[in-house]
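Each protein sequence line maps, in turn, to chains R and L.
When we follow the numbering used here, the leftmost residue of the first sequence carries the number 283, and every step to the right adds one.
When we follow the numbering used here, the leftmost residue of the second sequence carries the number 2, and every step to the right adds one.
No lab work stands behind these hints, which were simulated from the structure alone.
A virtual CB, placed ideally from N, CA and C, is assigned to each residue, including glycine.
One should not assume that every hint holds.
With beta-carbon atoms standing in for the labels, derived distance ranges [unchecked claim]:
| hint | chain 1 | residue 1 | chain 2 | residue 2 | range |
| --- | --- | --- | --- | --- | --- |
| 1 | L | S93 | R | F347 | 31 to 37 Å |
| 2 | R | N369 | L | T3 | 53 to 59 Å |
| 3 | L | E135 | R | K371 | 49 to 55 Å |
| 4 | L | T3 | R | I362 | 45 to 51 Å |
| 5 | L | F73 | R | G337 | 35 to 41 Å |
| 6 | R | R368 | L | L100 | 31 to 37 Å |
| 7 | R | I378 | L | M2 | 47 to 53 Å |
| 8 | L | N28 | R | I378 | 17 to 23 Å |
| 9 | L | L155 | R | T340 | 35 to 41 Å |
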Amino acid sequence: MGIPLSWYLTLSAIMFSVGVAGVLLRRNVIVVFMCIELMLNSVNLTLVAFSSFLGDITGQVLVFFVMAVAAAEAAVGLAIVIALFRNKKTVNIDEINILKW
Amino acid sequence: MTPETLAFFFLAAFAVTTAVMMVLQRNPVMSAICLIGNFFALAAFYLLLRAQLLAVLQIVVYTGAIMVLVVFVIMLLNLGDEERLRERFSFSMGLVLALVAGFVAELATILFTAGNPPLRAELHPQAEAIGTVEGMGTAMFGKFLLPFEITSLLLLAAIVGAVVLAKKKA
Chain R
283 MGIPLSWYLT LSAIMFSVGV AGVLLRRNVI VVFMCIELML NSVNLTLVAF
333 SSFLGDITGQ VLVFFVMAVA AAEAAVGLAI VIALFRNKKT VNIDEINILK
383 W
Chain L
2 MTPETLAFFF LAAFAVTTAV MMVLQRNPVM SAICLIGNFF ALAAFYLLLR
52 AQLLAVLQIV VYTGAIMVLV VFVIMLLNLG DEERLRERFS FSMGLVLALV
102 AGFVAELATI LFTAGNPPLR AELHPQAEAI GTVEGMGTAM FGKFLLPFEI
152 TSLLLLAAIV GAVVLAKKKA
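Bound-form chain L, shown alone (with noise of 0.2 Å):
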């Protein structure tokens, strides 16, 4: 067992708990740190990846921007009785939990057959060079040149928006 295989099981098994605790969690703020914890884990496996600019942006966008924004807005709303919002334990959820696990079941069955000789186990040789910033910024300003002056369009619609939406009717 080589020290990477050691790492993708310990940062499985970490993100795999974060995400299931930040379904349990009764309190928001704890969810929103244990989603917090689960970036992380995801900016690590896109280093195992060898995908760097991803794993900052992972960090800093994620992590620095929107998951600060949910956090600024679950204490805006200052939600102060959790009592009130008590999930129901009822028949639904059973159904719920039932079905997902039959999903998870089947594409872990169907993933391991059709691995089976291992669905490629090793990293294209070239994986090292395109995730770099230089190899990102290559493609991100040639080949996908259009969709990256769109994103800017978008990004300005969303301001836009989110200052219309939130501001105080007059």
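Looking at chain R on its own, in the form it has when it is part of the complex (with noise of 0.2 Å):
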């Protein structure tokens, strides 16, 4: 008797709530972006778990490029949160609503 599926289902639906929480309730436009990081590495536990446990190796590759376009994403995200801190000096993501009609 193994762990089921469904355990590692459910860690993951917990974790990516609180990645949601996260990214809801914090200002921190740093922090906001991890939040996001642990919400793309709930997903992926979701889908390892359903490679294993189906025996199809499509599931794993998926993930191998979600952490390639992590990787960008966080190399243009933490750019952007540099060339923003640079003009507004904040990082609160309430201060920065220039996009905001």
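Two chains, two frames, a set of hints: combine them into the complex.
Spelled out as structure tokens, the structure:
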């Protein structure tokens, strides 16, 4: 008797929800960024769990691509944070509202 | 209770604790450290799921590259006055927490009722073979060759974009 698939899915759902709560509650743009990484990782766990339980490699290859996209996102996202901080001297997302009508 | 189940519970508790701590920490550096702990727990889960290559990549790429970049930016911005960023405890915060708690309860109910009798209690017999470097390499340079090559274009675009964005205006 091993670990059922539903345990992995439940854990992943809990971690994803914590990430969502972080994105909605925190005001520091870097912490919001890290919460998005947490959400990406919880979905990765789901993909790997399904891949291993169904014996299909596709899920793990998809996780590899998600990691590559996350690396690209980290580079561009943090560059945007630096550019914003240079212009507005803040990382508070409530004060970064120049795109808001 | 097998050692594997025990390891699962220990790691699950660790992963959820570090995730919650990350959201609750005031200091961004402490948040980053909690997230790194969470990534290590995830790497251990990948090992439990027999995905050896991804477990290594999780540590090398996420912890080694992405989180170092995040910590580097935190240091670079040198966020002195934490007090100015104090989050408000307001009605919206309670609403968010209630919605998230409801979402978790809903998902757990669905997963546990749908998983009765348990939704696949055993790993696929092939699971040990597919997660190796050989298995991943065969898939990546065979069936998924085109997406793999397109990834290199994406990374090139990200490099150029990051340099352009972070460059000082001339």
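Results for each hint:
1. Judged by the Cβ atoms, the range 31 to 37 Å given for S93 (chain L) and F347 (chain R) holds: they are separated by roughly 35 Å.
2. Taken as a hint, the range 53 to 59 Å holds for the pair N369 (chain R) and T3 (chain L), whose Cβ atoms sit roughly 56 Å apart.
3. For E135 (chain L) and K371 (chain R), the Cβ-Cβ distance of about 51 Å falls inside the hinted range of 49 to 55 Å, so the restraint holds.
4. In this structure, T3 (chain L) and I362 (chain R) meet the distance hint of 45 to 51 Å, their C-beta atoms being roughly 47 Å apart.
5. Between F73 (chain L) and G337 (chain R) the C-beta distance comes to about 40 Å, which sits within the given range of 35 to 41 Å.
6. For R368 (chain R) and L100 (chain L), the Cβ-Cβ distance of about 35 Å falls inside the hinted range of 31 to 37 Å, so the restraint holds.
7. A hinted range of 47 to 53 Å holds for the C-beta pair I378 (chain R) and M2 (chain L), which are about 49 Å apart.
8. Distance hint for N28 (chain L) and I378 (chain R): a CB-CB separation of about 20 Å, consistent with the stated range 17 to 23 Å.
9. Evaluation of the 35 to 41 Å hint for L155 (chain L) and T340 (chain R) yields a failure: the beta carbon distance comes to about 19 Å.
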